[in-house]
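*Asks:* Sequence:
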Amino acid sequence: MPTMSGAMTGARVAASVARTKALGLAIALAILLLASFVATAQRVEGDRAAAQGVYSAEIQVNGQGEAQRNTAFARGLAQVLAKLSGDRAAAGRPGVGQELRRARDYVDGYDYRQDEGVSASGAPSFKTTLVIRYDADEVNELASTLGLPLWPQPRPKPVLWLAIDDGSGPRLVGLGKSDAARSTLNRALERGYKLGLPAGNAAEQAVVGAIWRGDSAAVARASARYSPPMQLIGKLYRDKKDGWSADWIFVDKGKVLSRWSSNDRDARRAMAAGADGAADALMRRYAKPGKGAGPPGRYAIEFTGIDSSDDFIRLSGYLQKLAVVRRITPVRATPQGVVFELELVSGLAGFKRATDGDGVIDASEGDAPSYRLR
1 MPTMSGAMTG ARVAASVART KALGLAIALA ILLLASFVAT AQRVEGDRAA
51 AQGVYSAEIQ VNGQGEAQRN TAFARGLAQV LAKLSGDRAA AGRPGVGQEL
101 RRARDYVDGY DYRQDEGVSA SGAPSFKTTL VIRYDADEVN ELASTLGLPL
151 WPQPRPKPVL WLAIDDGSGP RLVGLGKSDA ARSTLNRALE RGYKLGLPAG
201 NAAEQAVVGA IWRGDSAAVA RASARYSPPM QLIGKLYRDK KDGWSADWIF
251 VDKGKVLSRW SSNDRDARRA MAAGADGAAD ALMRRYAKPG KGAGPPGRYA
301 IEFTGIDSSD DFIRLSGYLQ KLAVVRRITP VRATPQGVVF ELELVSGLAG
351 FKRATDGDGV IDASEGDAPS YRLR
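FYI, our numbering numbers position 93 of the sequence shown as 93, with every residue one higher than the one before it.
These are calculated hints, taken from the structure and not from any lab test.
Do not take every clue at face value.
[What the hints assert, rightly or not] In the BS3-like style, the derived pairs of lysine-lysine whose C-alpha atoms are separated by at most 27 Å in a straight line are:
#1 K177 - K235
#2 K240 - K255
#3 K194 - K253
#4 K157 - K177
#5 K255 - K288
#6 K194 - K255
#7 K321 - K194
#8 K157 - K253
#9 K157 - K235
#10 K235 - K253
#11 K194 - K235
#12 K177 - K194
#13 K352 - K321
#14 K321 - K255
#15 K253 - K288
#16 K127 - K194
[Unchecked claim] If you anchor each label on the Cβ, the simulated ranges turn out as follows:
#17 S121 - S227: 45 to 53 Å
#18 K127 - R259: 35 to 43 Å
#19 E365 - S261: 52 to 60 Å
#20 Y318 - G297: 19 to 27 Å
#21 N140 - R182: 28 to 36 Å
#22 Y112 - S178: 23 to 31 Å
#23 P154 - R221: 23 to 31 Å
Predicted model only: the values in this text are computed from it and were never measured.
Quick reminder that beta carbons are idealized off the backbone N, C-alpha and C, glycines included.
Input sequences plus hints: build the corresponding full structure.
*Replies:* Next comes the structure, spelled out in structure tokens:
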């Protein structure tokens, strides 16, 4: 029978072991929590996740599941390609849709942001925004391979001379009233450039008359103190159909590059169209063809190393998956291999760029385009 002192010693040992186990569990939990914090809380309190620059995008999502995230990745990549090229229809260009389906491969990182607002009934509302960062090198390579135009950086910051008449007479939107032009300023950011506003002092308020009559030369003179010498001139007014109309002029170094009008029941959308028109004008003037891309067309290419039907099927499947290839047509078989006519979105240069490093085919030496299946 154990003595009283032996029993007490055993109890103390058991208690010590229990405390040690509890301490170990607490440390383990603390390490896990710390790891989780490091992985997810990359910002200090007060910071706000936001898209920065051409290679990032903000997409509103309904949840944080993988399906919603992948859909947002595709929409974000389309937005980035539009900003990079200056072409708002970039997502509709040949080959781009195929790459959007694997947009997650171009993602460098992402974060979520909760935006609080107020609903029409006055109740609090919350919107979840996915902020996505894309790999600049990978996106540049994609744009070049598919022959997208490239709008060089840094980009100009035109001055927005906007006058608004809501029925009480036209007034200039100066820097102190920037929220009135917020939809135009934000759309410019979505298109990959920025707009500036004049200070809005008394002398500049007098420019409203020139804006209203479309005197771009007078506005350009008033804008001489600002750089660069580019102006987006717009007047927004109520139309006869209970909506809003806006007339726009884009001027670069005193030359009118474009004139257009926009109409919408929502004044914000009518104003946003001004930034779109300016981006289109800038893109037409300054965007350059993608490096390494050739003219689109149909090209006959010989492929060697085809020793079996399995080789033929493997090669055909590989070519059909390439975004740079729109259509493949077998032309003829030779003792050395097979000749395909490929319809390419960016020529032979784009095809070579797309296939380099894949480890499936190697370019052969010679004047005629030829590749060997590995």
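*Asks:* All the hints need checking, so say for each whether the structure fits it.
*Replies:* Outcome of the hint check:
Taken as a hint, the K177 and K235 pair is honoured in the structure, with Cα atoms around 15 Å apart against an allowance of 27 Å. Annotation: proposed proximity of K240 to K255 is violated, straight-line Cα distance about 32 Å (limit 27 Å). At roughly 18 Å between alpha-carbon atoms, K194 and K253 fall within 27 Å of each other, so this suggested pair holds. Proposed proximity of K157 and K177 is supported: the alpha carbons are some 18 Å apart, at most 27 Å.
Taking the CA atoms of K255 and K288, the gap is near 21 Å; set against the 27 Å cutoff, the hint holds. For a cut-off of 27 Å, the pair hint linking K194 to K255 stands: about 20 Å separates their Cα positions. For the hint linking K321 to K194, the alpha-carbon distance of about 37 Å lies beyond 27 Å, and the restraint is violated. At roughly 13 Å between alpha-carbon atoms, K157 and K253 fall within 27 Å of each other, so this suggested pair holds.
Under the criterion of a C-alpha separation no larger than 27 Å, the hint pairing K157 with K235 is consistent with the structure, at around 19 Å. The hinted pair formed by K235 and K253 meets the criterion: a straight-line CA distance of about 21 Å does not exceed 27 Å. A hinted pair counts as satisfied when its Cα atoms are at most 27 Å apart, and K194 with K235 qualifies at roughly 19 Å. Using a Cα cut-off of 27 Å, the hinted pair K177 and K194 holds, with the two alpha carbons roughly 17 Å apart.
Between K352 and K321, the direct Cα distance comes to roughly 15 Å. Compliance with the 27 Å bound is thereby established for this hinted pair. As the CA atoms of K321 and K255 are separated by approximately 46 Å, the hinted pair breaks the 27 Å bound. Only pairs whose Cα atoms come within 27 Å are accepted, and K253 paired with K288 is accepted, the gap being roughly 20 Å. The hinted pair formed by K127 and K194 meets the criterion: a straight-line CA distance of about 25 Å does not exceed 27 Å.
Between S121 and S227 the CB atoms are about 47 Å apart, so this pair conforms to the stated range of 45 to 53 Å. Against the hinted window of 35 to 43 Å, the Cβ-Cβ separation of K127 and R259 comes to about 36 Å, which satisfies the hint. Taken as a hint, the range 52 to 60 Å holds for the pair E365 and S261, whose Cβ atoms sit roughly 57 Å apart. Between Y318 and G297 the CB atoms are about 21 Å apart, so this pair conforms to the stated range of 19 to 27 Å.
At about 31 Å, the beta-carbon gap between N140 and R182 stays in the expected band of 28 to 36 Å. Against the hinted window of 23 to 31 Å, the Cβ-Cβ separation of Y112 and S178 comes to about 27 Å, which satisfies the hint. Look at P154 against R221: about 26 Å separates their beta carbons, and that is inside 23 to 31 Å.
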